[in-house]
Each structure stands twice: as structure tokens, then as C-alpha cells.
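On the provided structure of chain A, position chain B as indicated by the hints.
Here are the chains, one letter per residue:
Protein chains: 2
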Amino acid sequence: MITNSSEQVNNREPLFIIKIGGNVIDDEKTLHSFLKDFSSIKEKKILVHGGGKIATAVGDKLGIQSKYIDGRRITDDETIDLVTMVYGGLVNKKIVAELHSLQCNAIGLSGADANVLPAKKRPVKTIDYGWVGDVNATAINASAWQLFIDNNLVPVVAPLTHDNEGHILNTNADTMAAVLSIALSKLYNVQLIYCFEKNGVLTNVDDEASVISELNVQNYNQLKNDKILFAGILPKIDNAFDAVNNGVHKVVIGNSDNLLQLAKGESGTKIIS
Amino acid sequence: MITNSSEQVNNREPLFIIKIGGNVIDDEKTLHSFLKDFSSIKEKKILVHGGGKIATAVGDKLGIQSKYIDGRRITDDETIDLVTMVYGGLVNKKIVAELHSLQCNAIGLSGADANVLPAKKRPVKTIDYGWVGDVNATAINASAWQLFIDNNLVPVVAPLTHDNEGHILNTNADTMAAVLSIALSKLYNVQLIYCFEKNGVLTNVDDEASVISELNVQNYNQLKNDKILFAGILPKIDNAFDAVNNGVHKVVIGNSDNLLQLAKGESGTKIIS
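If you're matching them up, the sequences are chains A and B in order.
For the first sequence, the positions run 1 to 273 when the UniProt record's numbering is used.
For the second sequence, the positions run 1 to 273 when the UniProt record's numbering is used.
Okay, chain A solo, but in the shape it has when bound:
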């Protein structure tokens, strides 16, 4: 067990919610090594995965052009079919099969399955993102998750939800992991770990040794004002603060290569409420 007794702030059982993105998914060796570490975690656990470059590669072959506005994929009719295939089918089932080979009793889920992540289509304001979903955080049915987790199943969650009107919705995996962590904090002592290709939140993006070991909101605002933190990392940190400010016991951002160290609090950036 990774969690020691001093970390048990209440009587709830520990639950790790671990999110991985493209850097893990796109490379077979990295994925295998990560899943080996993941499967060795003895505590209850959930894996949330993003999409990776595979969707773009398959889309290119199918003649589906990736469309982005402000770094966010626009999900038209053919793109939602593409990501449903790739995220919900190819990526999800490959991870599930590999986890079983590592004696980890994985079950692949999208937000649509058992309606575990109720969502709605993002309303059109200035930009029409298409078939994109925002999870209805307050409507998450924690007992549906409990059914799986307390029966020793390990959910592997694809970044897809549904609108309850028969449509699958493309959904941001970082946000999904944060709102799920918040909802499950009512039942478990949740530790949320965002894994990516950097060693943590860095003060110098080119120096992997420049990890900020702890980040509170004052430091964060200062670093944003000073333009030391910018662009791609900000939404992830915002999700992390959202989690830690809403009942999640611990949130860490770090390198997927160091999963077991991240879980022990020995690596990465700890987000402080």
C-alpha cells in the first residue's frame, strides 16, 4: 500500500484517480511501462485517458481534417464518429486488455456507459464546438461508481460522454478527471494525479529540474502575472485547483514515468488549496 496511516485524514478508503494523455498513449513501450506501474498500485483506482495522436492519424487516413479553435478540437459529425471509434474502442480496449494481462481487473467505460458521467452538449456562444460535452458535475451518481470500485473493478475511462438524447460527446479528459474526483470525494479519500510528459509544473519549461514542488493559488497567480506559467499548462492547473478546493484530498501534477513516486508524494508538483 502506498498510502501510509498519517495520510488517512478520515475513515474513507483511499482512491487514486490517475489521468494520462497522449505522451503515454502514443508510445507502446511508455504505455506498457506506465500500466505496469499503475497495476501495481494496491489501493482502489481509476484510470482516465485522453486521446492522443492516434485519432488524428486515423482521421487523416479517413480524410477527416482535424479542426481546432483556440487549441480545442471542433467536433463535427464525422469527427465524433472518429473519436468514438478511437477513444472508446481502440485506445480504451487496448488499455483494458493490457491491464488484464497484468492481473488488473479493468473495465472500460465512457461517460455514457451506466450514465456514469451525465453531460450536456456545450451551448454555442461565440464558438460552436460541435459534439462537445460538459460534464454535469453535480449530477454524477457516485453510487454507480461505487458499484464498480467496491467490487474490485478498475474503471478505465474514455473521454466521451452523452447528451441523453442519443448522441456521444467529445469531452476533455482533464476536466472529467477533476469533476469525477470531486464527486467521489464524498465516498473516498481521493488523490488525483495528472500525468504528462513534464516532471511537474516547471518555472523554466526547458529545465526538467525546475519543478515547483508545491503550488498555492497566490504563487500561481504571481507566476501567471510574471508570464512564467503560460499557455497549455494553465487549464490543467485550473482543473487541479478546482479539485483541491472542492474536497479532493490531494492533487499532484507530474511525469507519467514517475507514477509510483507521484502517488507517494515524492515527485511532481503538489497543488495546495
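Rather than coming from a laboratory, the hints here were simulated on the basis of the structure.
One or more of the hints may lead you astray.
Treat identical chains as interchangeable: a pair holds within one or across any two.
Cross-link-like lysine to aspartate or glutamate pairs, in silico, DMTMM-like; alpha carbons within 25 angstroms at most [stated by the list, open to error]:
{"no.": "1", "residue 1": "Lys61", "residue 2": "Asp26"}
{"no.": "2", "residue 1": "Lys42", "residue 2": "Glu165"}
{"no.": "3", "residue 1": "Lys53", "residue 2": "Glu78"}
{"no.": "4", "residue 1": "Lys61", "residue 2": "Asp76"}
{"no.": "5", "residue 1": "Lys29", "residue 2": "Asp77"}
{"no.": "6", "residue 1": "Lys36", "residue 2": "Glu165"}
{"no.": "7", "residue 1": "Lys264", "residue 2": "Asp70"}
{"no.": "8", "residue 1": "Lys36", "residue 2": "Glu208"}
{"no.": "9", "residue 1": "Lys61", "residue 2": "Asp77"}
{"no.": "10", "residue 1": "Lys120", "residue 2": "Glu28"}
{"no.": "11", "residue 1": "Lys125", "residue 2": "Asp26"}
{"no.": "12", "residue 1": "Lys198", "residue 2": "Asp163"}
{"no.": "13", "residue 1": "Lys42", "residue 2": "Asp77"}
{"no.": "14", "residue 1": "Lys29", "residue 2": "Asp76"}
{"no.": "15", "residue 1": "Lys53", "residue 2": "Asp77"}
{"no.": "16", "residue 1": "Lys198", "residue 2": "Asp37"}
{"no.": "17", "residue 1": "Lys61", "residue 2": "Glu78"}
{"no.": "18", "residue 1": "Lys53", "residue 2": "Asp76"}
{"no.": "19", "residue 1": "Lys227", "residue 2": "Glu28"}
{"no.": "20", "residue 1": "Lys67", "residue 2": "Asp207"}
Structure of chain B alone, referenced to chain A:
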């Protein structure tokens, strides 16, 4: 409730296991109409789906040639990725989303998820079918299914399994439905319904009115000897006999348009042990 008390041969609860193939999946209107009927069945139920022509259409666009020997798809490396995407992702999640819009609490599963259908790669004898799985019928963990079914979830099963060594396997949906029905007959009063594009087993393939209402093994052998039954329908009937000879309460073969009549025993061909 469709089942009346006279059909309750024991104290077990009724469970419908319903299999659909390409004729339902490939046409949006047919699928919607079928799912409406399916969702109206009040008893416990499981939907097993095949693949349909979508895999071939997507494969064509991706430059993946469909390869068949004796009518069976040969599943090479790129084909297993294709069917994992299409069956496990696109088809499965579309059905799940649509069922939720019909107030049916669907959960998409492949045989890999929660290891609900343990399988092994088909051994190479004269033909190497590639990444094709045969379900290990005696190893099916009925209590894993019970967890879902008894918690009011409706499993929607894609024709994929895994080899416990990290590989997804393409798996025949008709056989999957039969062995699952047999395994769950220990816990439930199972009725297996094979839905396809014909009104049942026909004595004249061109005459939808020529439905054989009841078929026992003597009639079946006679009809095969007389070449009245041949080719494509035979494996389905063999699966049906396998089910009814191994504890499944009732097996019916009929038209997906008549699901509710099939469930009541008012349509299709009833297989008699």
C-alpha cells in the same frame, strides 16, 4: 412483463439475451425502431451485437482489405484494430447512447471488460484466422454478469474478447450469445433470441411465410439432408441447439422487426431440445 407465470419453470428470474446483426446495425431507422422495442422489455436483458458492414466501409477508407476464408473474416493486425474501433467504439457506444435516450440504463461491454467473457486465441490448424477468439465457455464468471444485471444495468456486448496476454480478439457474436446464455442459465431463466433479417427458419428462403414454427433436431437433420436448409443459417441453428441442449430455457430465431412478438413466442422459429 412479457413472461407469464406459466413460463416460470423454476424460481429463477427471467433474463432475455437478444442478439442482433448487421441488418439492424447498418440502418439507422431499423436500429432506432429495434432499440425502442428492446428498451420496452421490462425483464432483465442483455443485448449482444455483431459488426455489420460499417467495419468493411471504414476498412475500405483506411485501405484495409477484408479477407475471408469460408465466410469468416481473417483478422490480421490492422483488422483487429479496425474491428476494435468499429465494434467496441462506434457501434457499441452509439447503441448505448441511444438506449439511454430511451430510459434504458445500458452499459457497453466487450468480453475484455471485467473479463466477462474469458477467451483464447483460436489455435492454427489448417487455417490461421489471426486475432480470433473462442470463448472459454466453462470459465465464464456468472457472478460478474450478476453484478451488472442485478443492479439494473443492461449490458450491451460487442463481439470482442481478449486472450489475457494483452490482445483483443475478434469473436463470433452468435456463439458468444449462446455460451453466455448457457452460463447464465445457472442463475436466470434465460430466453435467447436470435434476430436477423428473415422471419425465422424458412423452408423456402424466398418465402417469408414459410417459417418453421418449431424445430427439433430430427426435423433439422432431415431438412439438412434434403438440402432445404443450407449455408449461412446452419451455424446459427447449431448455436441455438447448443443453447437449448445446455440449460437455456427457450431459444427463438426470427425477424428483428418482430422483437416483442418473438419475446412472447408469437413469431419466429422456436428451437426444441
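Taking the hints in turn, this is what the structure says about them:
| no. | hint | in the structure |
| --- | --- | --- |
| 1 | Lys61 with Asp26 | both (17 angstroms within a copy, 22 angstroms between copies) |
| 2 | Lys42 with Glu165 | between (38 angstroms within a copy, 21 angstroms between copies) |
| 3 | Lys53 with Glu78 | both (17 angstroms within a copy, 17 angstroms between copies) |
| 4 | Lys61 with Asp76 | both (17 angstroms within a copy, 18 angstroms between copies) |
| 5 | Lys29 with Asp77 | between (33 angstroms within a copy, 18 angstroms between copies) |
| 6 | Lys36 with Glu165 | between (38 angstroms within a copy, 13 angstroms between copies) |
| 7 | Lys264 with Asp70 | neither (35 angstroms within a copy, 55 angstroms between copies) |
| 8 | Lys36 with Glu208 | within (24 angstroms within a copy, 55 angstroms between copies) |
| 9 | Lys61 with Asp77 | both (17 angstroms within a copy, 17 angstroms between copies) |
| 10 | Lys120 with Glu28 | between (33 angstroms within a copy, 23 angstroms between copies) |
| 11 | Lys125 with Asp26 | neither (33 angstroms within a copy, 35 angstroms between copies) |
| 12 | Lys198 with Asp163 | neither (34 angstroms within a copy, 34 angstroms between copies) |
| 13 | Lys42 with Asp77 | neither (41 angstroms within a copy, 33 angstroms between copies) |
| 14 | Lys29 with Asp76 | between (32 angstroms within a copy, 21 angstroms between copies) |
| 15 | Lys53 with Asp77 | both (19 angstroms within a copy, 19 angstroms between copies) |
| 16 | Lys198 with Asp37 | within (18 angstroms within a copy, 51 angstroms between copies) |
| 17 | Lys61 with Glu78 | both (13 angstroms within a copy, 13 angstroms between copies) |
| 18 | Lys53 with Asp76 | both (18 angstroms within a copy, 22 angstroms between copies) |
| 19 | Lys227 with Glu28 | neither (35 angstroms within a copy, 51 angstroms between copies) |
| 20 | Lys67 with Asp207 | neither (32 angstroms within a copy, 51 angstroms between copies) |
In summary, the structure is inconsistent with hints 7, 11, 12, 13, 19, 20 from the numbered list given earlier, while agreeing with the others.
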